[in-house]
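> Using the sequences and the accompanying hints, generate a full structural model.
Chains S and V, in that order, give the protein sequences. Heads up, the first sequence is in the working numbering, so the first residue is 1 and it goes up one at a time. Heads up, the second sequence is in the working numbering, so the first residue is 162 and it goes up one at a time.
Be aware that one or more of the hints could be misleading.
Stated by the list, open to error - To be clear about the criterion: a stretch of chain V counts as covered by chain S if any three or more of its residues have a C-beta under 8 Å from a C-beta of chain S, and this derived list gives those stretches: (1) 168-182; (2) 209-220; (3) 225-239; (4) 371-384.
To be verified - Each pair of labels, with its calculated beta carbon distance range: (5) V:Pro-273 x S:Ser-119: 48 to 54 Å; (6) S:Leu-9 x V:Ile-276: 39 to 45 Å; (7) S:Gly-12 x V:Phe-346: 40 to 46 Å; (8) S:Lys-107 x V:Phe-346: 46 to 52 Å; (9) V:Leu-240 x S:Ser-119: 23 to 29 Å; (10) S:Thr-2 x V:Asp-223: 32 to 38 Å; (11) V:Ala-265 x S:Lys-107: 31 to 37 Å; (12) S:Gly-127 x V:Ile-194: 53 to 59 Å; (13) V:Leu-323 x S:Lys-107: 35 to 41 Å; (14) V:Asp-223 x S:Gly-13: 26 to 32 Å; (15) S:Thr-2 x V:Ala-345: 41 to 47 Å; (16) S:Asp-110 x V:Ala-345: 49 to 55 Å.
Derived by calculation from the structure, the hints in this document are not laboratory data. Quick reminder that beta carbons are idealized off the backbone N, C-alpha and C, glycines included.
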Amino acid sequence: MTTDLIHWLLYGGAMGLIVIGIVGVVTLNNIFRIVLALVIAEAGANLLLVIAGYRFDAIAPILTGSSVNQLMVDPVPQAMVLTSIVIGVGIQALALALVLKVYQNYKTLDIREIHQRLSTDIDSNSGVISLLSSEQPAGERPLPEPSAQNETAQLNQGGDK
Amino acid sequence: MRNVSALVFASGLAFLLLVITWQFVVGGAPMLIGEAILQQGADEVGAANLVTSVVLGYRGIDTLGEIAILFTASTATSLVLSSLSTKSSSNKKESIRDEGTILASSASLFFPLLITLGMYIILHGHLTPGGGFQGGVILAAAFFLPLLAVPGRGVNHSGLALVEGFAGASFIVIGIIALFQGNAFLQPFFSHGEMGSLLSAGTLPLLYTAVGLKVGAELSGLLANLAEIGEIVPESTDLEESSLQTESNGS
Numbered sequence: 001m002t003t004d005l006i007h008w009l010l011y012g013g014a015m016g017l018i019v020i021g022i023v024g025v026v027t028l029n030n031i032f033r034i035v036l037a038l039v040i041a042e043a044g045a046n047l048l049l050v051i052a053g054y055r056f057d058a059i060a061p062i063l064t065g066s067s068v069n070q071l072m073v074d075p076v077p078q079a080m081v082l083t084s085i086v087i088g089v090g091i092q093a094l095a096l097a098l099v100l101k102v103y104q105n106y107k108t109l110d111i112r113e114i115h116q117r118l119s120t121d122i123d124s125n126s127g128v129i130s131l132l133s134s135e136q137p138a139g140e141r142p143l144p145e146p147s148a149q150n151e152t153a154q155l156n157q158g159g160d161k
Numbered sequence: 162m163r164n165v166s167a168l169v170f171a172s173g174l175a176f177l178l179l180v181i182t183w184q185f186v187v188g189g190a191p192m193l194i195g196e197a198i199l200q201q202g203a204d205e206v207g208a209a210n211l212v213t214s215v216v217l218g219y220r221g222i223d224t225l226g227e228i229a230i231l232f233t234a235s236t237a238t239s240l241v242l243s244s245l246s247t248k249s250s251s252n253k254k255e256s257i258r259d260e261g262t263i264l265a266s267s268a269s270l271f272f273p274l275l276i277t278l279g280m281y282i283i284l285h286g287h288l289t290p291g292g293g294f295q296g297g298v299i300l301a302a303a304f305f306l307p308l309l310a311v312p313g314r315g316v317n318h319s320g321l322a323l324v325e326g327f328a329g330a331s332f333i334v335i336g337i338i339a340l341f342q343g344n345a346f347l348q349p350f351f352s353h354g355e356m357g358s359l360l361s362a363g364t365l366p367l368l369y370t371a372v373g374l375k376v377g378a379e380l381s382g383l384l385a386n387l388a389e390i391g392e393i394v395p396e397s398t399d400l401e402e403s404s405l406q407t408e409s410n411g412s
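Quick look at the structure:
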């Protein structure tokens, strides 16, 4: 009974951290919080790996004078988690750098606003008016009219200047 | 709507993960490879810390790839941040300011202690818990502490790059020497020595020292980059806004 309980607590905790992180990534709107949610999910994955090597009544896999003939936990998942933590630090730093860059350019951390302004910027830099672009979904695209085409041409000329 | 679909997705994922989890055994005997390493690791590698013999002995190429990933991440970070830092590098010298006597003197007090602790953890990586990665992070913290105490002081990035390149190159050179001796790449090749003494486990202490120096240099460069940006962002914000306003006014 207690073994089952511990089993559920350990694995449920690790899986819960992963799910919390993924829910955060999907639902949050602040990109810094999304980075933090990624960190939580990564902690859950690391915990899961460490638990996979756990063994009841065992000691750390370090050979000392008193550790002869004692049970030891699996050293391989621990080495893998060491790898994963260090890689996680690198990824987090890169993500933070990107967040800083985005914040410097758009002065906001709201992902909806960033997405909107980013697509507007991409459209204007590539010389198309986003609403008139033929790349837009058909339902959202107004029918091309002569006046609109003139406007496009004017704007393109303005862009050339 | 978006939140509801996200919650449905998350609950489905949680159910799937828990079903998979139910198959796992907790607290049982290790996997076959782990069992084999526990039994033969002491004789084959000679390190008292079996995790170290896995990281550097059995999975040395994996560690090399990990260092490469860390290097790539730190290079990409400085690449992303470099365009920010060049903007106000001219007025960097003026922005040096003291954050107070207590912070400054405790930073200079902790600097040698952290260096000693970091080197201790790196050099004893094959004997006690710890090793190159953990000690490297402590070294990075030691070099980051003065930056926190005196913001805007700047960091010798070329020196860090030199240490980093030297450590990474020596890691690979040790691996290649093992190849010339007829072993596999990165296989430990010196005599094992007496287990538990500082000079034991062949080349593992050398490899872990290289890893520790590399991780320490990379992470302190990375932290210094982020700290410099923290100094710069508020200033350049005003600059950019004013330039945007003048642009819109002019048009």
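> Are the hints correct? Go through all of them and say.
We went through each hint and held it up to the structure:
1. 168-182: holds (count 8)
2. 209-220: holds (count 8)
3. 225-239: holds (count 8)
4. 371-384: holds (count 3)
5. V:Pro-273 x S:Ser-119: 48 to 54 Å: holds (53 Å)
6. S:Leu-9 x V:Ile-276: 39 to 45 Å: Since the Cβ atoms of Leu-9 of chain S and Ile-276 of chain V sit about 40 Å apart, the hinted range of 39 to 45 Å holds.
7. S:Gly-12 x V:Phe-346: 40 to 46 Å: holds (41 Å)
8. S:Lys-107 x V:Phe-346: 46 to 52 Å: Taking Cβ atoms as reference, Lys-107 of chain S and Phe-346 of chain V lie about 50 Å apart, which means the hint holds.
9. V:Leu-240 x S:Ser-119: 23 to 29 Å: holds (24 Å)
10. S:Thr-2 x V:Asp-223: 32 to 38 Å: Between Thr-2 of chain S and Asp-223 of chain V, where Cβ atoms are some 37 Å apart, the hint holds.
11. V:Ala-265 x S:Lys-107: 31 to 37 Å: holds (33 Å)
12. S:Gly-127 x V:Ile-194: 53 to 59 Å: 58 Å Cβ-Cβ, so the 53 to 59 Å window holds.
13. V:Leu-323 x S:Lys-107: 35 to 41 Å: This hint holds: roughly 38 Å between Cβ atoms.
14. V:Asp-223 x S:Gly-13: 26 to 32 Å: Check passed, 27 Å falls within 26 to 32 Å.
15. S:Thr-2 x V:Ala-345: 41 to 47 Å: Given about 45 Å between the Cβ atoms, the range holds.
16. S:Asp-110 x V:Ala-345: 49 to 55 Å: At roughly 52 Å between Cβ atoms, Ala-345 of chain V and Asp-110 of chain S fall inside 49 to 55 Å, so the hint holds.
Hint compliance for this structure: every hint is met.
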